[in-house]
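*Asks:* Each chain is listed here by its residues.
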Amino acid sequence: MDLSYTPEEEAFREEVRGFLAENLPKEISDAIKYGTGLGKDGYLRWQAILNEKGWLAPNWPAEYGGAEWNAVQKHIYEEEAAAAHAPRTVAFGLAMLGPVLMQFGSQAQKDYYLPRILSGEDWWCQGYSEPGAGSDLASLKTRAVRDGDHYVVNGQKTWTTLGQHANKIFCLVRTDPDVKQQEGISFLLIDMDTPGIEVRPIILLDGTPEVNEVFFDNVRVPVENLVGEENKGWTYAKYLLTHERTNIAGVGYSRAGLESLKRIARIEQSGGRPLIENPHFAARLAKVEIDLMAMATTNLRIISRAAAGQAPGVESSMLKVKGTIIRQEINDLTRRAVGPYAMPFASEAVAGDNDPIGPDYAGPVTSQYFNNRKLSIFGGSNEIQRGIISKVKMGG
Amino acid sequence: MNFELTEERQMLQDTLRRYLSDRYTTATRNAIIDSDTGMSDEIWTELAELGVIGALFTEEQGGFGGAGFDITTVFEELGRAGVVEPFLDTAILGGGLIAALGDDTQKQLLDEVIAGGAHLALAHGEPTSRYDLSRVETTVVQNGTTGGGADVQNGENIVLNGRKAVVVNAEAAGHLIVSARESGAADDPAGISLFLVPAGTPGLSLRGYPLFSGGRAAEVTLDNVTLPASARLGLANKGFAALADVVARADVALVAEVMGAMETATELTRDYLMTRKQFGRPIGTFQALAHRYSDLLIELEQARSAVINAAGHLDKPSEIRDLQVSAARNLIGRVGRHVAEETIQMHGGIAMTQEYELAHIAKRITLADHRFGDTDYHLERFIDLSAA
Ligand SMILES: Cc1cc2nc3c(=O)[nH]c(=O)nc-3n(C[C@H](O)[C@H](O)[C@H](O)COP(=O)(O)OP(=O)(O)OC[C@H]3O[C@@H](n4cnc5c(N)ncnc54)[C@H](O)[C@@H]3O)c2cc1C
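Chains A and B supply the protein sequences, listed in that same order. Residue 114 in this note's numbering sits at position 114 of the first sequence; the count goes up by one each step and never skips. Residue 547 in this note's numbering sits at position 151 of the second sequence; the count goes up by one each step and never skips.
There could be a bad hint or two in this list.
Derived lysine-lysine pairs resembling DSS-like cross-links, with alpha carbons at most 27 Å apart [what the hints assert, rightly or not]:
no., chain 1, residue 1, chain 2, residue 2
1, B, 673, A, 391
2, B, 673, A, 238
3, B, 503, A, 232
4, A, 26, A, 40
5, A, 141, B, 673
6, B, 712, A, 180
Calculated from the structure, these hints are not laboratory results. Since we're looking at a predicted model, the values are computed, not measured.
Between the sequences and the hints, there should be enough to build the whole structure, so can you do that?
*Replies:* See below:
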């Protein structure tokens with residue numbers, strides 16, 4: 001047992017910290033820190049900066065322009081990035097599609113798409129969920145029928161995150177309706193400009209147009225946009241999900257959230273004293289901090305096992321459940337901390353040139369609290385994760 | 397012991413429930429939220445005609461109710477429908493203070509309020525007062541005729557200076573009821589005075605904004621707001637007791653509103669669990685969800701009892717009343733968070749969308765915990781009162 005990082009790892013942390021201090025634009029870190037949101041341009045600008053340094057794709061091999069970091073390096077980067085209020089990179093191309101193409105894509109697909117992901121030329125979105133297929137993803141109904149050298153796609157995807165920015169969508173589609181559900185699904189790459197595609201925004205409960213519905217009406221997709229083999233899409237989708245679940249614990253985000261909560265609680269007054277000295281508030285704060293300290297070590301234990309070559313199994317489900325509970329608890333405490341100033345509607349409270357309503361940190365906290373209810377719903381809900389854990393452990 | 401509503405209250409409940417389920421649909425309500433004023437005058441008038449405001453006042457005050465259970469009957473229905481119109485602000489807080497303290501001239505305003513023709517707002521909380529009811533730093537000076545150039549009565553005038561935070565319904569209000577410190581330390585309950593300040597008085601400025609759970613509020617600045625002596629509401633330095641009384645009534649209204657909202661949240665969840673299918677069966681057949689739904693119902697019964705306890709003690713001496721009120725607010729605060737988070741979770745993505753009813757209901761539940769003390773504030777107050 002040794003809880004300390006190696007000198008090499010410490011040196012890497014210093015390098016990351018120095019890079020962020022020098023290269024992360026203040027407008028971008030402020031947008032993250034104050035929750036004002038980052039537009040498409042903001043994401044692309046930050047990704048270009050990372051790409052320049054060779055750090056945009058941490059888990060890609062060097063031959064494709066990746067950083068080839070190991071699990072501990074990735075963890076260190078994520079911690080530092082969260083502490084510096086750096087944005088997350090957009091996962092759909094980098095963390096999801098990229099690895100699938102490297103594993104299962106044709107040479108032509110790799111050559112064409114991978115560089116475009118790094119350069120920001122392509123913005124991918126994820127077309128998995130449908131109105132009737134959420135947790136039960138394999139029941140998806142969007143149909144793709146072969147017609148000469150095209151597939152003709154009809155159906156609907158939903159919850160498509162940032163689809164409004166995307167020019168490409170990777171989709172799970174049904175190519176064979178007559179076999180077991182999982183065996184009739186294919187993985188298609190679709191250009192969003194193709195005739196017959198319509199994107200409609202869904203406004204989330206915090207007022208943000210973060211997700212979309214995507215409708216397909218006789219959309220013709222060239223057969224060369226099929227990834228791997230027809231009807232093998234479920235295998236690729238599962239492979240992708242294991243990548244979606246890296247950094248699932250979100251320890252860095254929780255740490256950054258906890259720091260900002262403490263800063264707020266030192267400023268806010270309750271009964272003439274700083275809120276952080278209020279025994280009930282301090283107790284709530286301490287409990288979540290204690291949970292987070294243990295979570296950080298759980299996360300590292302699982303990461304180092306993964307670094308030793310063992311694929312994470314139920315552990316990633318455990319990290320997802322506990323990690324989201326902790327993040328959501330921090331969001332709840334932050335909302336509580338600002339008292340009556342949690343009530344103003346954020347988009348006004350943080351609107352552009354106007355002075356904030358109340359303290360500057362108060363604007364986004366209620367939005368963040370409600371928006372992050374999603375953490376326990378998407379990427380396999382916490383109920384589904386619990387189901388996986390017990391099923392695996394009880395040999396079901 | 398009798399836990400049934402009286403016949404009159406039962407009728408009021410039925411009438412309101414029918415009216416709101418016909419008129420106050422999700423689409424109507426969401427359009428109201430998006431509108432410039434954040435409320436519907438038409439709905440306000442119709443609800444006033446149905447007796448929503450009258451029920452909150454005694455006959456002597458010009459209404460036909462006024463007891464704790466009248467408040468809970470009305471606010472539970474408003475909560476069920478997620479009503480965003482400011483009945484709490486205009487009637488319970490504003491109307492309540494005028495009923496308690498107003499002279500004959502001021503009481504004419506109360507008649508207008510009960511008839512649905514006037515709005516009020518309580519400008520009490522300040523940027524750093526959080527939930528401390530006695531913390532008031534807005535200043536008041538009473539001058540002789542030489543003091544200011546305003547229209548002066550009785551040879552005296554009053555000058556207010558300060559800032560008021562998150563004043564709900566300030567923009568619509570014809571009058572603000574402003575608290576100010578006339579003597580004593582910043583958090584001394586003695587020394588607080590109340591004033592009726594007409595909208596548009598020079599020196600009074602409002603920065604309005606929408607609220608997260610619907611309706612509007614404003615940051616209010618008082619910059620040498622000069623008023624005649626007749627603007628006083630009640631006696632100098634003695635405003636706190638009346639404030640504490642109306643806030644206790646507001647607390648009862650809030651717990652009832654959240655109670656109603658939680659009923660809607662659980663009903664929506666039951667319906668969804670029974671109809672939404674995944675893996676070929678209704679998701680409510682998964683025991684992991686069914687048991688959690690049962691837990692919500694168990695918590696709701698506890699919540700209902702807490703509301704009854706608070707309403708039933710509203711007219712008792714303040715130590716007894718406040719203990720019950722804080723108990724209810726703490727319990728409802730805890731249950732409310734549980735219900736809002738669990739009902740969203742059990743719905744999945746659909747509950748994350750603005751146009752789904754539960755989203756709004758969950759916001760009402762959650763943000764109610766930011767008015768007049770949150771779950772923790774009321775826990776501490778309960779501890780203090782029960783130790784006393
Ligand atoms: C903000 C947001 C962004 C998203 N972004 C994307 C995206 O970019 N691309 C994409 O494809 N999808 C996306 N999703 C969709 C997300 O993956 C789904 O919401 C998720 O899979 C759950 O599906 P559902 O919402 O249909 O809920 P359901 O599957 O209908 O679940 C409803 C409830 O039932 C529970 N439940 C379901 N089955 C079981 C069971 N067997 N046992 C116990 N409980 C069960 C669930 O946990 C949940 O509590 C996003 C969702 C959200 C909210």
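*Asks:* All hints, please: hold or fail.
*Replies:* Hints versus structure:
1. B:673 x A:391: Between residue 673 (chain B) and residue 391 (chain A) the Cα gap is close to 21 Å, so the pair holds against 27 Å.
2. B:673 x A:238: holds (22 Å)
3. B:503 x A:232: violated (77 Å)
4. A:26 x A:40: holds (17 Å)
5. A:141 x B:673: holds (14 Å)
6. B:712 x A:180: violated (68 Å)
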